[in-house]
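Here are the chains, one letter per residue:
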Amino acid sequence: MTSSVFRRVSRILSLLAALLVTPMPLAAQDLSSLVARLGESSFSEKIEAVEALATLGDDRAISALEALGDGRLNVTAEKRVVILDGQKVIDAITLEPIAGLSPESLDRVVVNNRLRGAIATAVGKLTIFSLDRNRRLAAARNAFRSGTAETAAILERAITEEIDSEVRAAMAFSLNAARLSFGTKDERLVAIAALSGSSDPEVRALLGRLRGSADVDPDVLAAAEKAMERVESRLELIGYAENLFQGISLGSVLLLAAIGLAITFGVMGVINMAHGEMIMLGAYSAFVVQQVFRTFLPPVWIDAYLLTAIPVGFVVAASFGMALERCVIRFLYGRPLETLLATWGISLILQQLVRTIFGAPNKEVANPSWMTGGFEVVAGFVVTWNRLYIVIFCFVVLASIAAVLRYTTFGLQMRAVTQNRDMASAMGVRTARVDTLTFGLGSGIAGMAGVALSQIGNVSPNLGTFYIVDSFMVVVFGGVGNLLGTLVAAMSLGIVNKFLEPFAGAVLGKIAVLIFIILFIQKRPRGLFALRGRAAEA
Amino acid sequence: MPPSFSSILGTRGWAVFLGIGVFLIIGVPILNLLPQDWPIHLPGYLVPLLGKYACYAILALSLDLVWGYAGILSLGHGVFFALGGYCMGMYLMRQIGTRGVYGNPLLPDFMVFLNWKELPWYWYGFDHFAFAAIMALVVPGLLALVFGWLAFRSRVTGVYFSIITQALTYALMLAFFRNDMGFGGNNGMTDFKTILGFEVQAPSTRLGLYAASVIALGASFLLCRFVVVSRFGRVLLAIRDGESRVRFLGYSVTSAKLLAFTLSAGLAGLAGALYVPQIGIINPSEFSPANSIDVAIWVAVGGRGTLWGAMLGAALVSWLKTFFTGAAPEFWLFILGGLFILVTLAMPTGLAGLAHRLRWLRSRPSPAAAE
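Line order of the protein sequences matches chains D and P. Quick note: the first sequence uses my numbering, first residue 1, plus one each step. Quick note: the second sequence uses my numbering, first residue 1001, plus one each step.
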C-alpha cells in the first residue's frame, strides 16, 4: 500500500520536475508512446490512443493518424510504428526516411469503421489547434460542412485561444453553423442573427435545411425565415455584381478585338476578314516571347514576359497588317466585296501558316504570377486578376487611341480621310500613306488584343475565328469609325450577353444578341452613332 | 412578255447544254456500268462525288443569281443549303423507322437517347417525301423572305449585308449544335436506310440520285437563265450597277431584290436536299460561316454573272479540294487562300472572263495579217 502511494507520488514528482526542466522531450515521448500504441492489435486500445492523441493536442500526430486512416500505417518486426509512403518507409512522427526496411517486412495496421470515425474527429481537433495558421483556417472552414455537436464544443475552445482574426472569424462562422444545427433554442437564435449577415450560398442551404426539419421552435423558424430573406437578397445582389463584372470583362475583350476593325473599316471602308488572324498572331507572339524568356533569361524575369509581349505583339501584327495593305488591299479600293474575299483568303493562309509552324494543338501561355488568383470583394464574389487587368488594359488602349486620334498629326489626317477622302487628298494629305498606317495601327491593336486574350483562353491557330463574328457585330452595332460607338456597343453586348446567360444559357444568349443586332439594323442601319451628313451616304 | 426559247440560250448554247446534259445523264451511268477492267470504266465511288459536285453547282448558281446579277453578296447561302438538307434529313430519319439502334417505331434514335417521349410538332409530316421535298424549298425560301425583307427594306447593302448574313449562319450554327433543338445536335442526322423505298447505299440508288441532281442542275440553270434574260433580270442588273437610279426610275428595288433572294434561297435548299442522301449525313457544321464563304469563291473563280461560270467554278474548286485534301491536306488552305487572293486581284471576271478574252483575241485579226 505504502509502496504504491510512494510510487505514485514519486511518479508525479518526477513528472513535475520533467515538466519544469524539459517540457518538450516529455511531450515528445508521450507523443511517441501514444503513436506506438496505434500499432496495438486491439481496436479499443487503438481508439483510446487516438483519443489520447487528440486530447494531447500535438499536431505532429496528424500524419500518423491520417496514415492510419488510409491504411498506410505499418508495424515493423520490432513493433516500431512507421508510415509506408509509396515504396519508402518513413518514421511516423519525424517523417524522416528509415533506411534498411523493405515494405514486405511490414505489418499493416488494421482499421475498422469505429476507429475511422475516431480518427476523423481527432484529425479535425488537431488541425484546429495546429501551429500552422493556414491549416487552422482550413480546418475551421471544413468544420462548417461537418458541423456536429462535438465540433461546436471544440470550436468554442479553439476560438478562445485563437489569435489570428481571420481564423477566428472562420471559426465563429462554423461555430454558428454547428449551433444552428445542434444548439439550444437561444443558441440557435444567436447563431441565426450572426449568420444572417453572411452572403455564403451554404448558409442559405443550412437555413433551408433548418426550415425543412420537423422539431424546430416557431421563434427559431421565424428568425430563420427572416435571415433567409436577407441572405437571399444579398446573394442576388452579389449575383448582379458578378454578372456585371463578367459582362464588363467580356465587353472589354470584345472591345479590344473590335477597335482595330472599327478603325480600318471607318477609314477605308473595307472589311478585314483577316482581323481575327491578327489577334491570333498577337497571341502567338505572347507565346514566343514567353518561350524566349523561359529559355534565355533567369527564372526571376519570367513575370515580365507579358509586358514585353505587348509591344512585340503590336509590332508583329502591325507589320503583317501593313504588308497586307501594301500587297493586296491597296489594289482593291472601291471594291469592298472583293476586299472581303481577298482578306478571307489571307486569313486562311495565315491560319495554315501558324498551324504548319507551331502545330495544331493549343499552346500554353501561362499567367504571370501577378495575374493569377484574385481577390474577394465580398464573400462569394471573387474578382480574378487576369480579368481585371484586361479590363484596365482595354481602357488604357482605348484612351491611347483616342489621344492619338485627337492630338497627333496622323490622327488628324486619319479623321480627315474618314470624313472625306477626296477633300483630304486635295488638301495635301497623302491618303495612301494614311491608309497603310491606319491598317498598321488597326492590326497592331488586334495584336495587343491577342496578347491579352492569350491570358484568358486557348492559343490555337483558329483563335481568331472565335472573335471575328463578335467583333463584326460590335462594329455594326456601334457604327463605323467611332470609338465611342465601339465602346458602348462592346460593353452593352458584353453585359447583355452575361445577363442573358443565366436565363437562356450561353448559346441561346448569343443567338438572342445576334438576332437583336439584325433587328437593330432595321432602325439604325449605320449603327448607334452614325456619321451624319454627306459622308454617311458615301 | 416571257422570254422566248431562243433568248434563253442561243442555238449553240442549246446544243452545248443538251450535249453536256446527255453525256452526264446517260454517258456517266453507262461508263459506270461497263465491266470493271475496261480502262474507261468509271469507278463506283465517283458517282456520288459527281452528284455532290452537281449539288454544289446548284448552290453556286443560286449565289451567282444574287451576287452576279443583283450585286448582293450573301455570305449565308450555306444556311439555305443546310436547311434544305435538314428537311431531307428529317424525311430520311423518319424512313429509318424501327431499323434504328433503339428500334423505336415513333422516335429517331437521338430523341430516344435524349429521353424524349414524343415527336416535336415540327417533325410532323416529314414522313411523307412530298412534304419534305416541298419544305426543303419552302423553309429556306421563307427564311430568306423574312430576313431579306428586314434587310432590304432598311437598305442594308454591300458589306453590311454580307456581315449580317454571316452572323445569321453563325447564329444558326450555334442553334443547331444544341441538343434540345430537336435536330440531332452535334451529331446531326445520319445512318439513313432508304429513300422512297430504295436502299440509300445501293449503287443503283446512287446512280438515280446522281441523275436527279444533274437534272435538277440543268433545270436550275434554265430557270436562272429564264430569270436573267427576262425584264426582271434586267432590273436586277440595273440594281447591281446603280441602285439609286433604279429606285428613282420607279422600280421597287426592295421587292426585286427580295424576289431574287428568295428564289436563290429555294435553289440552295434544293441543292441541300439532293446533297444529303448522297453524302449520308447532315450536321451543324454545314452552317459554318467558312462553308458559305467558300461558295463565293466558287462563283468568283468561275466568273460572276455568267451562271455557267459559277457551275464550272463550283465543280473545279470542289475537285481541287477533293484532290488536295487527299494528297496534301496541309497545303489545301494555302491553295484555297491563294485562290481567293489571286481571283480577286488578278482575274476579277474569273474563268468566264478569261474565256471571253481569249475568244476576243482570236476573233480579232492579228496585226501582222492586217499589214
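Just so you know, the hints here were simulated from the structure itself, not pulled from any lab data. Heads up, some of the hints might be wrong.
[Unchecked claim] Stretches of chain D that chain P covers, calculated by requiring three or more beta carbons in the stretch to come under 8 Å of a beta carbon on chain P:
hint	segment
1	172-180
2	330-341
3	513-520
[Claimed, not checked] From chain P, some residues computed to sit far from chain D (all C-beta separations above 10 Å):
hint	residue
4	1153
5	1246
6	1293
Just so it is clear, CB atoms sit at the ideal spot from N, CA and C, and this is done for glycine as well.
Interface-negative label, residue 1246(P) against chain D, beta-carbon threshold 10 Å: Consistent with the label, residue 1246(P) stays out of reach of chain D, its closest Cβ about 16 Å off (over 10 Å).
Within 8 Å of chain P's CB atoms, at least three CB atoms from the segment 513-520 of chain D: coverage verdict: Coverage by chain P holds here, the residue count being 5 at a Cβ distance below 8 Å.
Interface exclusion of residue 1153(P) relative to chain D, criterion Cβ beyond 10 Å: Answer for residue 1153(P): violated, closest chain D Cβ roughly 7 Å.
Non-interface claim for residue 1293(P) versus chain D (Cβ beyond 10 Å): At roughly 5 Å from the nearest Cβ of chain D, residue 1293(P) sits no farther out than 10 Å, so the non-interface label is violated.
Given coverage of the segment 172-180 of chain D by chain P, checked by CB-CB distance under 8 Å (3 or more): With 0 residues close enough to chain P, the hint is violated.
Per-stretch coverage check for the segment 330-341 of chain D, three Cβ contacts closer than 8 Å to chain P: holds (count 9)
Checked against the numbered hints given earlier, this structure breaks hints 1, 4 and 6; the rest are met.
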